[in-house]
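**Q** So the sequences go chain by chain: G and U. Numbering-wise, this note's numbering puts 115 at position 115 of the first sequence, and it's gapless, one number per residue. Numbering-wise, this note's numbering puts 402 at position 402 of the second sequence, and it's gapless, one number per residue.
Just to be clear, a hint being listed does not mean it is correct.
[Said to hold, decoys possible] Distance windows between CB atoms, simulated:
1. U:Val52 / G:Ala139: 54 to 64 Å
2. G:Thr225 / U:Leu204: 43 to 53 Å
3. U:Val52 / G:Trp146: 39 to 49 Å
4. G:Arg303 / U:Gly474: 28 to 38 Å
5. U:Thr304 / G:Val16: 51 to 61 Å
6. G:Leu325 / U:Ala348: 52 to 62 Å
7. U:Leu204 / G:Leu325: 31 to 41 Å
8. G:Ala9 / U:Val52: 30 to 40 Å
[Said to hold, decoys possible] Heads up, simulated DSSO-like pairs for lysine-lysine below, C-alpha to C-alpha not over 27 Å straight-line:
9. U:Lys295 / U:Lys433
10. G:Lys276 / U:Lys295
11. U:Lys457 / U:Lys301
12. U:Lys444 / U:Lys433
13. U:Lys444 / U:Lys400
14. U:Lys457 / G:Lys276
Because the hints were derived from the structure by calculation, they are not lab data. No residue lacks a Cβ here, since even glycine has one placed at the ideal position from N, Cα and C.
Take a look at the letters that make up each chain.
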Amino acid sequence: MNLEYYSSAALVTSVVIYLLAMTAHAAEWAAARRTPATAEPAELAAEAVETRKFAAVAAGSPKSGSATTASGPVDREDTNQTRLADLKIELWGRVGVALTVIGFGCSVVGVVLRGLAAGRPPWGNMYEFTITAMVLVVAAYLVLVWRTGARWLGLPVTLLAAVGNGLSVTVFYVAIAPLVPALHSVWFVIHIVAAAVSGAAFTIGGLMSALFLARQRAERRGSVTGYLKRLPTARKLDLYAYRFLAFAFPLWTFTVAAGAIWAEYAWGRYWGWDPKETWALVTWVVYACYLHARSTAGWRGTRAAVVALIGLASFWFNFVGINLLVSGLHSYAGI
Amino acid sequence: MTDVETKAEVSPEALPPDEGSDPRKRLAPALGFRGGLRWLWAQLTSMRTALVLLFALAVAAIPGSLIPQRDVSPIAVADFIADHPLLGPVYAAVGLFDVFSSAWFSAIYLLLFVSLVGCIVPRVLVYARALRTPPPRTPRNLSRLPAYATATLQTDETDDVVRQRTVTELRRQRYRVIERDGTVAAERGYLREAGNLVFHLSLLFLLVGVAVGGLFGFRGSSVVMVGQGFANNITQYDDLSTGAWFSDDQLPPFTIAVNRFRVAFETGPVQTGAARLFELETEVTDRPGDQPYAKTIEVNKPLTVDGATVHLIGHGYAPVVRVRDGNGDVAFSGPVVFLPQDGNFTSAGVIKAPDGRPERLAFEGIFAPTARVDDRGPRSLFPDLIDPALYVNVWSGPPKTETGEPENVYSLDTAGLTPLKDADGQPVRILLKPGTSYQLPGGKGSLEMTGATRWVKLQISDTPGIAVVLGSIGAAVLGLCLSLFVRPRRVWVRIREEAGGSRLVEVGGLDRADARAGLSEDVADLVQTVALGAGAAAPDRGEKENQ
Chain G
1 MNLEYYSSAA
11 LVTSVVIYLL
21 AMTAHAAEWA
31 AARRTPATAE
41 PAELAAEAVE
51 TRKFAAVAAG
61 SPKSGSATTA
71 SGPVDREDTN
81 QTRLADLKIE
91 LWGRVGVALT
101 VIGFGCSVVG
111 VVLRGLAAGR
121 PPWGNMYEFT
131 ITAMVLVVAA
141 YLVLVWRTGA
151 RWLGLPVTLL
161 AAVGNGLSVT
171 VFYVAIAPLV
181 PALHSVWFVI
191 HIVAAAVSGA
201 AFTIGGLMSA
211 LFLARQRAER
221 RGSVTGYLKR
231 LPTARKLDLY
241 AYRFLAFAFP
251 LWTFTVAAGA
261 IWAEYAWGRY
271 WGWDPKETWA
281 LVTWVVYACY
291 LHARSTAGWR
301 GTRAAVVALI
311 GLASFWFNFV
321 GINLLVSGLH
331 SYAGI
Chain U
1 MTDVETKAEV
11 SPEALPPDEG
21 SDPRKRLAPA
31 LGFRGGLRWL
41 WAQLTSMRTA
51 LVLLFALAVA
61 AIPGSLIPQR
71 DVSPIAVADF
81 IADHPLLGPV
91 YAAVGLFDVF
101 SSAWFSAIYL
111 LLFVSLVGCI
121 VPRVLVYARA
131 LRTPPPRTPR
141 NLSRLPAYAT
151 ATLQTDETDD
161 VVRQRTVTEL
171 RRQRYRVIER
181 DGTVAAERGY
191 LREAGNLVFH
201 LSLLFLLVGV
211 AVGGLFGFRG
221 SSVVMVGQGF
231 ANNITQYDDL
241 STGAWFSDDQ
251 LPPFTIAVNR
261 FRVAFETGPV
271 QTGAARLFEL
281 ETEVTDRPGD
291 QPYAKTIEVN
301 KPLTVDGATV
311 HLIGHGYAPV
321 VRVRDGNGDV
331 AFSGPVVFLP
341 QDGNFTSAGV
351 IKAPDGRPER
361 LAFEGIFAPT
371 ARVDDRGPRS
381 LFPDLIDPAL
391 YVNVWSGPPK
401 TETGEPENVY
411 SLDTAGLTPL
421 KDADGQPVRI
431 LLKPGTSYQL
441 PGGKGSLEMT
451 GATRWVKLQI
461 SDTPGIAVVL
471 GSIGAAVLGL
481 CLSLFVRPRR
491 VWVRIREEAG
501 GSRLVEVGGL
511 DRADARAGLS
521 EDVADLVQTV
531 ALGAGAAAPD
541 RGEKENQ
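With the hints as constraints, model all of the structure from the sequences given.
**A** Quick look at the structure:
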C-alpha cells in the first residue's frame, strides 16, 4: 500500500470538491443577487435598523429603511417569487456546505496519510504546512457554520481552500523525505503548530475584515442588496474579525518567541534578522497596529480592517514570498 | 452568536477612552517653551503617534529582508555593490545594508519605546489607584444599563438574606463586591489592565535584555579540522564580533578536541543528498589542567561550556596534500580547507606553498567528495566522501618578499605568478585521487594527495541577557492573553418594593471591554440564582435588552 500516493490522491480530490463547493456558494451569491430589495426578512430588517443606529449612517437610507416601514399589502406573486429565490439560496448554500464537509474530510485524510507515510508530523516543508493550514482554516469555518450558522463565509473560505490546496498539489509538492537535522527538535512541533493555527485564525479574521469592508461600504451608501444583505451587520463582522485576530495575536507572539528559543538552540542566536524572522516581526507589528487602531478614535472600523488585511498580506508573503524568493535560514520549501 | 451580545456591547462606556475627545490633546498650545515641551510629550505619547511609529517600524524592517545585510551575509552585500555601481553606494550611504543598526531604524524603535513609557507609566499609576477603589456607586436606574434582568421575590426572606446570597454568588464568580445603601455593587476583571501593563512593561525589559546581550556578548566562529582542536582564545577565531563593552579576557579558557564527525546523507531517491545526521564527538577541557570529558555536539544540541555556547554551524572537506618544491624539499604538508560551493560539496580552494624554492608554488581548483568530470567541468555528485578527487591548476613564480600583510587563505592573488603550462602550451591541469601524486613539468616539484578529511565550523557565543529576554517574552505573552481575554465587568443588584407589596430583584450589568460576549446571559443567570435561591419563580419580565 502506498500511503503517499493515497495522500496525494485525497488532496487532489479535495481541490476538486472545494471547487465544486465554491461553485455552489457562487450560485448562492448569484441567487441572492436577484433577491428583490424589499424581500428582507424581519431579522435582517432589525439589523438594518440597528446598523443605522450604530454606524451612524444617514437615517434616511432608502432601501434598508423601506424594509421596516413596508406595511402595505404585499403582492402575492412577489411573495411567491421571493420564497422561491430564498429556497434557491438555501439550497445552493446547503449544497456548498455539504461539499465543503466532504472536501474537508478528503484533505484531513490527505494530511493524516502524509504524516503516516512520512512517519513524522507532516509539517516539514511548505507543501505540508500549506495543506495543514488549509485543514485548520476549513475546520474553523465549519465549526463556525455548525455553532453560529456562518455560511456567509462559504465563498471566500472554499475559494481559499481550493487555491491553497491547488497550489500545494501543483506547485509546492515535494515527495516525502525525512527531516533535515536542523528540524530534529521538540520545537519543530511547537513552533510550527502555533504558526499554522495562528495563520489559520489570521486568515479567517482577514476574510471577515474584507467582508466587513464590503458590507460597511454598502451600509454607508444605504443600499445593502444581494448577497451583502445576507452577511451579518458591519458591526458584527468587525467584532467577529476582532475575536479571531485577538485569538491569533498572542499565539503569533508565542510562535515568534518559540522560534527565537529554537533558533538559540539551533543557530546560537535567538534573533538574527533572517528574512523569515524579519517578516514575522513585520506581521506582528502590523497586527499590533490593528489592536491599537481598534481602540483609537478615527481608526476604528474601516482603517482597522485595512490594517488587518495588510497584516494578513504580510503573513502570507512571509510564507509564500520569502520561501520562494529570498534565501535564508528558513529555506525548507524544498522546491 | 446571538443579538444579545452585540447589543450588550454598544454602550459608550464599553468603548475604550477616546484620545481624540481629550481637548488638551487637540488644542494647539500657545504656552511658551515649557508648554511646548509638554505639548510635544503629549503628542509623542498619544496613541496615534504610537500607531504611526509602529507602522514606520514595520515598513523600515522590510528593506532589511529584501536587500542583503552586512551582518547576515557580507559577501552578498559585496556582490550587490559590484552588480549595482549606481545604487550600491547610495544604499550604503543611507544604511540600507545595515538596516537594523542604522540611525533611522534605531530612532523609530527608541521613539516607540519612549512613547510606550510615556503611555504606560501614567496608566500604572491610574491602575494602582483603581485597585484601591471600591466598585462604583449603583446607578439610580439599572434598567438603562446594557444588560438588565429582574425577578419577583415570592418568599418572606428578608432583604438582607437575599443580599447576602447575592454577595456570596458574586464572590464565587470572583467579583469584588461591596454593599452600599442596600444595594450590591460588584466589579471584576482587574487583571485585564494588569495584563496590558505587564505586556508593555515586559517589552521594555525585552529591550534591556537585548541591549545587555548586544553590549556584553560575543559571537565568533572557527574552522576546525576533524582530529584537531580549538582553544577559546581570540587568535583562534576566524571571525569574532563582540559587544561594545566586551573585553577579551571574558572568553572562558576552554579547549575542545574535535575527535570524530559522523555525517549521513540521504541516499534514497527523494531529496538525495539532503543531510540526515550530524554528530560531532568532542573532548572538552574546561580550563587548562582540568580533566577532559567527552561531549557530542548536534545541530539542535549545542555544547554549553563555562557560560559559552558552542554550535556546529557548518562543515566541509579538506584534501590532505604534500607539496615538494623544485629542490625536492617539502614546501607544504597537511589538510587544506576547501569551501563548499553547492549542495553536493563541490568545494573550491587554494593550496599555497610560498616557501617553495627556487620558485614558490600555488594550486587552485576544485575538490569533489564524489567526483565526476564531464562537459560541465569537475563537480561532485553527492555530498558524502565516496570517490574523492582533486582538480587543480598550477601557478609558480619567484619567491615573494614577506610583507606581513594578511592574505585570504581561500583565494589566490596571482600577482607575480604565472600559470604552469605543459609541452603543448596548455595550462597544466592535475587530477589527483587519494594516494596518487603528480610531477610538475620542468622539474618544478610535485603535488601528492594523501587523503581527505573533514572540517567543521564551530560557532562560539555568549549572549548574557538571554534569561531576561526569555523571561520578558514569557511575561509578554501571559500579559497579552490577560489583556485580550479577561472580561472586565460591573454588576449591580438592587431589591425594590413594587406596588402591591411584592419585591423585585433587579440586576444590571455593564461590560467594560469591547467584543465581549454573554453579558445578558450572565445577568439573567444571576437574577435566576438570586431569585430561585429564595424559592421564587422564573424571572417575571425575563431579560431585557437595552440598546
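**Q** Work down the list of hints and note, for each, if the structure agrees.
**A** To see whether the hints hold, each was checked on the structure:
At roughly 37 Å, the beta carbons of U:Val52 and G:Ala139 sit outside the given window of 54 to 64 Å. Between G:Thr225 and U:Leu204 the Cβ separation comes to about 51 Å, which falls inside the hinted range of 43 to 53 Å. Evaluation of the 39 to 49 Å hint for U:Val52 and G:Trp146 yields a pass: the beta carbon distance comes to about 42 Å. Our hint of 28 to 38 Å for G:Arg303 and U:Gly474 holds, since their Cβ atoms are close to 32 Å apart.
The hinted range of 51 to 61 Å is satisfied by U:Thr304 and G:Val16, whose Cβ atoms lie roughly 53 Å apart. Take G:Leu325 and U:Ala348: their Cβ atoms lie about 27 Å apart, and the range 52 to 62 Å is violated. At about 35 Å, the beta-carbon gap between U:Leu204 and G:Leu325 stays in the expected band of 31 to 41 Å. For G:Ala9 and U:Val52, the hinted distance range of 30 to 40 Å is not satisfied, since their beta carbons lie about 51 Å from each other.
Annotation: proposed proximity of U:Lys295 to U:Lys433 is violated, straight-line Cα distance about 34 Å (limit 27 Å). With a CA separation close to 32 Å, the supplied pair G:Lys276 and U:Lys295 exceeds the 27 Å bound. Pair hint U:Lys457 plus U:Lys301 holds up; C-alpha atoms about 15 Å apart against a cutoff of 27 Å. About 21 Å separates the Cα atoms of U:Lys444 and U:Lys433, which keeps this hinted pair within 27 Å; it holds.
Among the hinted pairs, U:Lys444 with U:Lys400 is consistent with the structure: their alpha-carbon atoms are about 17 Å apart, no more than 27 Å. As the CA atoms of U:Lys457 and G:Lys276 are separated by approximately 24 Å, the hinted pair is consistent with the 27 Å bound.
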